[in-house]
Amino acid sequence: MKHKLNIDINGAIKAITIEPSIYQGKHLYEIGIDGKYAVFYEQDGEWKQDADEKLDDDVLPQIVDAIDQLNRKLQA
Numbered sequence: 004m005k006h007k008l009n010i011d012i013n014g015a016i017k018a019i020t021i022e023p024s025i026y027q028g029k030h031l032y033e034i035g036i037d038g039k040y041a042v043f044y045e046q047d048g049e050w051k052q053d054a055d056e057k058l059d060d061d062v063l064p065q066i067v068d069a070i071d072q073l074n075r076k077l078q079a
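The numbers in the numbering used here rise by one with no breaks, and the one at position 72 of the sequence shown is 75.
These are calculated hints, taken from the structure and not from any lab test. Note that the Cβ used here is the ideal one computed from N, Cα and C, for glycine as well. Hints should not be assumed to be uniformly reliable.
[Unchecked claim] Label pairs and their computed distance ranges (CB to CB):
id : residue 1 : residue 2 : range
1  : Ile16     : Asp47     : 29 to 39 Å
2  : Asn74     : Asp11     : 11 to 21 Å
3  : Met4      : Glu45     : 25 to 35 Å
4  : Asp71     : Ala18     : 17 to 27 Å
5  : Asp47     : Gly14     : 11 to 21 Å
6  : Asp55     : Ala79     : 26 to 36 Å
7  : His6      : Leu63     : 14 to 24 Å
8  : Pro23     : Asp55     : 29 to 39 Å
9  : Glu33     : Arg75     : 31 to 41 Å
10 : Asn13     : Gly35     : 12 to 22 Å
11 : Asp47     : Ala15     : 10 to 20 Å
12 : Asp71     : Tyr40     : 30 to 40 Å
13 : Asp37     : Leu73     : 15 to 25 Å
14 : Lys29     : His6      : 10 to 20 Å
[As the list claims (entries may be wrong)] Straight-line C-alpha distance at most 27 Å; calculated DSS-like pairs for lysine-lysine:
id : residue 1 : residue 2
15 : Lys39     : Lys76
16 : Lys57     : Lys7
17 : Lys76     : Lys5
18 : Lys29     : Lys76
19 : Lys51     : Lys39
20 : Lys29     : Lys51
21 : Lys51     : Lys17
22 : Lys17     : Lys7
23 : Lys5      : Lys29
24 : Lys76     : Lys7
25 : Lys57     : Lys17
Whenever a hint applies, use it, and build me the whole structure from the sequences.
Below is the structure:
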């Protein structure tokens with residue numbers, strides 16, 4: 004299921020989609036923003052992006068915060 008959230012990037016509000024899934028026991032999150040898509044996952048306590056397509060580094064902290072926010076919402 005895709006979830007829509009808004010994030011603040013340098014004062015501009017951007018709409019993103021997050022689609023969580025599990026693949027081979029690993030939690031994956033497909034992120035869509037500005038027509039770009041990337042897959043995020045956590046490995047050894049660090050967030051990583053799929054190597055095929057990467058989002059700009061300046062949006063990474065906000066995306067990780069959005070993933071955390073979504074996970075808290077889904078667990079409530």
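Now for the hints, and whether the structure bears them out:
no., hint, result
1, Ile16 <-> Asp47: 29 to 39 Å, "32 Å, holds"
2, Asn74 <-> Asp11: 11 to 21 Å, "19 Å, holds"
3, Met4 <-> Glu45: 25 to 35 Å, "20 Å, violated"
4, Asp71 <-> Ala18: 17 to 27 Å, "18 Å, holds"
5, Asp47 <-> Gly14: 11 to 21 Å, "33 Å, violated"
6, Asp55 <-> Ala79: 26 to 36 Å, "33 Å, holds"
7, His6 <-> Leu63: 14 to 24 Å, "18 Å, holds"
8, Pro23 <-> Asp55: 29 to 39 Å, "19 Å, violated"
9, Glu33 <-> Arg75: 31 to 41 Å, "19 Å, violated"
10, Asn13 <-> Gly35: 12 to 22 Å, "19 Å, holds"
11, Asp47 <-> Ala15: 10 to 20 Å, "32 Å, violated"
12, Asp71 <-> Tyr40: 30 to 40 Å, "20 Å, violated"
13, Asp37 <-> Leu73: 15 to 25 Å, "19 Å, holds"
14, Lys29 <-> His6: 10 to 20 Å, "19 Å, holds"
15, Lys39 <-> Lys76, "24 Å, holds"
16, Lys57 <-> Lys7, "20 Å, holds"
17, Lys76 <-> Lys5, "14 Å, holds"
18, Lys29 <-> Lys76, "19 Å, holds"
19, Lys51 <-> Lys39, "16 Å, holds"
20, Lys29 <-> Lys51, "12 Å, holds"
21, Lys51 <-> Lys17, "21 Å, holds"
22, Lys17 <-> Lys7, "10 Å, holds"
23, Lys5 <-> Lys29, "18 Å, holds"
24, Lys76 <-> Lys7, "12 Å, holds"
25, Lys57 <-> Lys17, "17 Å, holds"
Consistency with the previously given hints fails for numbers 3, 5, 8, 9, 11, 12, ordered from lowest to highest.
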